[in-house]
Amino acid sequence: MKRNGLNTFGFLKSDRRLLRAEPDFRPMARLLQVNWLYVLLVCVLAGVGYIALYSAGGGSAKPFAGPQMVRFGFGLVMMIAVSLVSPRILRMASVPLYLLSVTLLALVLRMGHVGKGAERWINLAGMQFQPSEFAKIGLVLMLATWFHRIGNERMGNPLRLIPPALLTLLPVLLVLKEPNLGTATIIGLIGATMFFAAGMRLWQIALLVAPLPFMGKFIYSHLHDYQKARIDTFLHPEHDPLGAGYNIIQSKIALGSGGVWGEGYLHGSQGQLNFLPEKQTDFIFTMIGEEWGFVGGIAVITLLGTLVMGGMLIAIRSRNQFGRLLGLGIAMDFFLYCAVNLSMVMGAIPVGGVPLPLISYGGSAMLTMMFGFGLLMSAWVHRNERDPGQEDDED
Amino acid sequence: MRSGRGVFTRRALLVMAVQAGVLGVLGRRLYTLQVVDGGHLRQLAERNRTSKRLLAPARGTIHDRFGVALADNKVSWRALLMPEETTDIPAVIERFSQIVPLDEHDRARIERDLRHVHKYVPVTLHEFLSWDDMARIELNAPSLPGVLVDVGSTRLYPFKDLTAHIVGYVAPPNEEDVARDTTLSLPGMRVGRAGIEQTQEAVLRGEPGSVEMEVNAVGRVIGEIDRVEGQQGEDVRLTLDSVLQQQVLNRLEDRVASAVVMDCRNGEVMAMVSTPSFDPSLFDSGVSHAQWNEWANDPRTPLVDKAVSGLYPPGSTFKPAVALAALKSGSVTAQDRFNCPGYYDLGGVRFHCWNRWGHGLINMREGLKYSCDVYFYEVARRCGMDPIQAVGNAMGLGVKLGIELPHVRSGVIPTPEWRQKHGFHWNGGDTVNAGIGQGFVQVTPLELATYASRIASGRNIQPHLRRPTRGQLSAMAPDETVPKVDLSPAFLDVVRGGMFAVVNEPHGTAPKARLDLPGIQMAGKTGSAQVRRVSRALRESGHFNSMSLPWEYRPHALFICFAPYDNPKYAVAVVVEHGNAGADEAAPLAKLIMTDTLLRDPASDVRPAAPQPPAETQTPSVPVEASASAPTDSPVADDQSERGATQ
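Sequence lines, in order, name chains D and G.
Using the numbering used here, the letters of the first sequence map in sequence onto residues 937 to 1331.
Using the numbering used here, the letters of the second sequence map in sequence onto residues 12 to 658.
No wet-lab data here; the hints were simulated from the structure.
Don't be surprised by glycine CBs; every beta carbon is placed ideally from N, CA and C.
Non-contacting residues of chain D with respect to chain G, defined by C-beta distances greater than 10 Å in every case (computed):
1) G993
2) P999
3) R1007
4) L1012
5) L1102
6) L1109
7) A1146
8) E1321
Here are some chain D residues pointing at chain G (derived, C-beta under 8 Å):
9) T1129
10) G1241
11) I1252
12) L1264
Whenever a hint applies, use it, and build me the whole structure from the sequences.
Structural data, given as structure tokens:
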């Protein structure tokens, strides 16, 4: 039996009536299956981004807020469109998409446009494109497809885990080579979480985690000087107040000057006076915190948290391993973006070019995130498709 | 068989818990940053956002008694560098020097300033820019970040050397000044280095204001947040009369001399001239070494204000003080007569009177009139040094006077104790020498003028230069609040009478000081102070003529006077260095100066009727003679007639 109305509020309660319903492949029907509440929350987040970018532009839609909204419009259409795509097609597309993303990563190393000291961008048809963003989506799709194929039973076999591990390591290493420590960590963590959620055995996890401390030392010794500097700067920002520590100090100052209620919209002195570096990109949250205060900052964090939790719930609600892992991967991607960015601007972790999704100014991050949300929504729309050979996995 | 979904759900919930935990920690950190540390960080933000600039206060101007500016401020352009607005200061200075050349001295000063000042205090790159330079700097502004052209002010002394010693001058503060008061590091700040500029520094300087400006990250000014108007320096009005000052200077011509004109009723110094002088404007921009050396090595000491720091033996001008001391101590009465044979023997040493033929048997009045040395040898011997010092000090001699000038020196009236302190024995000869104002006695011209004022007024007149800014223009009246000197009026009358006789009676020592003004008479006392002991051989050779001595060995010529005699208004002291004889050199000058002063007196047209000098010595011929020889009020005419008479 199908629902006729918008299934807007359905994802919080069990809808057993739909449990055994056959998938409906008519586009209109699937459109109705889209979780519009989640779409609304995404739009609200983008709205927050618009407001913040309007302020970052000095009280003007130009140059940030306007273009960003146009992109969001595209992204929204793309999200809805992707949400209607059947998982089967997505699984089929996962391998080419993954290969494409890895190829782009390799390409950016060779001919990348150097921005801010790292080769992270390539120029794609006149549009600046950051392949590492796209690589995350590609990896999520790829891993979800792989784990979907092997099913939970075969997770116990370590040999089955080696290919996905390599699939994860490849983009991680490529991004690390760019070098972009932050994004590489995010990709690695997304992969790890998906391994974990896919049903990796505990003994396997224990075996992997044990040597980590030694690896940490090894990795630090192989970090680039500027990456080491960032870690050192993070630990002692006051040593270099006008150099590398400047961003963190200024960011903290701006947040602090916001206080509880903020300095008022368009009245944040630090942001408006350009003391804040990269205020429209990585440090947009600082600007929000300065102008809207702790109240505004916590509201944004709550909104981000709601989107993360919503994504996780969508994943949990899926009846197939692909949808679950796809949802979890995207939700984790979104979460890590938020957590790393927020920690960064609050001076809790070293700075590393990670934007705040949907709020920070930037095309490729926005579009890939919206593409990811489309995948998440696809998992929701097609949540009742079942894995083959599974009669009933209710428990 | 394990349920894939069950495992996923459990593990996804675990992941969610971790996610929620992380977000919670982030929220908690946000709370710490914004709410707990907010205040501290807000202060840092304020510092980020604002740039404070100090505004130099305009220095107060200095006026004479009629409001004529003696020290004024003139607009000038200067180039400043805001250290906080540029990252590469040496490069900016280098580019600047290509537009406006900077010499080594400038560079050293800029370097010094940059080390000492706060980053929000602009440093002066170049003062006194020409219009062209200023335009070139403005044109090149983009390549000179942090450089700005500022309207400043230069100190202007319209009368230049005329009032240099009194007004003083300002100069840029040195490192010690800046260390004491950092506001002095502001461009355009000047410190008074001499004269009124120095002593009235606190009044003239004012309080610096400040502008707090909102700036962006690159230091560009966005707006003004707060402006604290500084307190402009207060104007200082002096008792000086610039016209009279000029007249006095003209009278002194190119002599090395000083003259002080005081209102003897209240102590207002109306003119105080020390020649030669210097141009104080040069100090504002910096005096060249050559100029400085020229001034410093000039034997005529142009930089020294001789009126307050020139020490001279008073010579015979000291005799009224000795007379007063003797009268007060009771050792001599005004009627006591002593014989003057032309010399005085004491302890085997013969002291001479200036008149080798002697003055005969004379009393105190005559002693003053003839300025008889022997008479005062005897008076001093009878009286002793202690009363002389006490009365001399009470009359303003040998004491520190509270006039508003720096480097005021006080003269000396020696006593045996004073001499002993310096390791010498005092003998009777020293006393008799001091009795005629020679030996160790030293006074300044200002002390002499004060002394004359106190004799004239009988009050404890304190010389001063500053008038209350918003006070009456001129009291021109006796200041009743000034206490009387501790001397019987009868004693003072004796001395005044003697001084009247000096000028107005036949055989007085200073007939050349007789005023040509109808109905006004002057009382005075001459003085010639030897700067070198005249050897007996020379004296007895009979060829002694001090005019034949080299200039620097000639005696100083002194004269003190007050007028009008019956109602004293003004006191004048004149000291001509190496002027030879007070009667010939200083007295005529004093007469001219006093004439000028009296003619400038607004009350001069309501002159009292015929003067009434002390009864027994009244010489009716004097006023007649005066009016006859001065048919006109013109001081120029007086001058010419007088000079003719001198020659």
